[in-house]
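Novice: Now for the letters of each chain:
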Amino acid sequence: MEDGTRYDRQIPLFGEEGQRRLARSTALVVGAGGLGSAVSVYLATAGVGRIVVVDGDVVEVSNLNRQILHWQEDLGRPKAASAADTLRGLNPEVEVEAVPLFADEDNLEELVAGSDAVVDALDNFDTRHLLNGSALAAGVPLFHGAISGLDGQATTIVPGMTPCLRCIFPRPPPKEQVPALGATCGVIGSIQATEVVKHLTGLGASLAGRLLLWDGYRGRCDEIPLERNPGCPDCGRGREL
Amino acid sequence: MRVVVRAFARFREMAGEEATLELPEGSTLADLLEEVVSSHPGLKKALSGPDGPIGGRAMVLLNRRGADPSDVLEEGDEVAILPPFSGG
Ligand SMILES: [Zn+2]
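Protein sequences appear in the order of chains A and B. For the first sequence, counting from 1, position 71 maps to 71 in the numbering used here; every step adds exactly one. Positions in the second sequence are counted from 1; adding 241 to them yields the numbering used here.
The set of hints was computed from the structure by calculation and includes no laboratory data. Every residue gets a Cβ at the ideal spot worked out from N, C-alpha and C, and that includes glycine. Hints should not be assumed to be uniformly reliable.
Stated by the list, open to error - Simulated coverage check for chain B against chain A, where a stretch passes if three residues somewhere in it have a Cβ under 8 Å from a Cβ of chain A:
#: 1; stretch: 242-252
#: 2; stretch: 298-304
#: 3; stretch: 314-325
Can you make the complete structure from the sequences, with help from the hints?
Specialist: Okay, here's the thing in structure tokens:
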């Protein structure tokens, strides 16, 4: 590390070995929108060695209320490229790979297989279900987050141990444009980033098997314990059918 | 039989935080949701959509996992109703 003091304030949390583990890790961030902005910024500044950002969209002015990866000067640019520039600017020690594609069945398999942590920063459940399947097949933990308005949810999915995303949400909700406040993306994306850092360094107790609900409107948190669905088509008996 | 229903986030204002409902044997999850929305018009309005009165505008967990509206309920079942959070 060229700058020996960059991580001084976080090394007390998980030691030099924890910092080296972060540096050796690859995080796949699927989606460079509101959640992807908060997650990838905090993973980059924490020193996760390699961050792969996947998004096929271009930056529009209506993104800028919440997508802090992208700035006024990035309007019209691919989000993946804009994201990579911001992350490199925050921490030049991090290797950032921009993938300017929409996640799909074809590209996810390879992207997921090369990562130590997969972050769900998507804006729809159809692609989330594809990502869930890819993460399960590769045995890589999936860090789920989603928001609507002032509220949101997060959980950590460990293949073979916890319920998968389809055990919890078997059917996608209707496709609707949901209201989105930047600060809500910040809350949920920061919870996801915390979960990734904890997982990579072996710190704390994760959200495995628990759905955390953030009720920003009332300023309170709840959690729902989760159980696997033995007939789940993605991770259970239903898979072989 | 008795089933415990908990609502989360903005559904709490419409349906209350937690209620125990008495239902006839053989009732399904869809029956329970009909029962809940019939006594909470605000929730009914929030949930109605193209697919009927509960038009998919709620995520419903039965005993801590995803469920089908046709699932038959049993004494002591726990149901959680939460708004769909799909944005990113
Ligand atoms: Zn499953």
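Novice: Are three or more residues of the stretch 298-304 of chain B within 8 Å, CB to CB, of chain A?
Specialist: n = 4 at 8 Å, threshold three: holds.
Novice: Between the stretch 314-325 of chain B and chain A, are there enough contacts, at least three residues with CB-CB distance under 8 Å, for the coverage claim to hold?
Specialist: With 4 residues closer than 8 Å to chain A, the stretch 314-325 of chain B meets the three-residue bar; holds.
Novice: Test coverage of the stretch 242-252 of chain B by chain A using CB-CB distances below 8 Å; three residues minimum.
Specialist: holds (count 3)
When the structure is compared with the earlier hints, no violation turns up for any of them.
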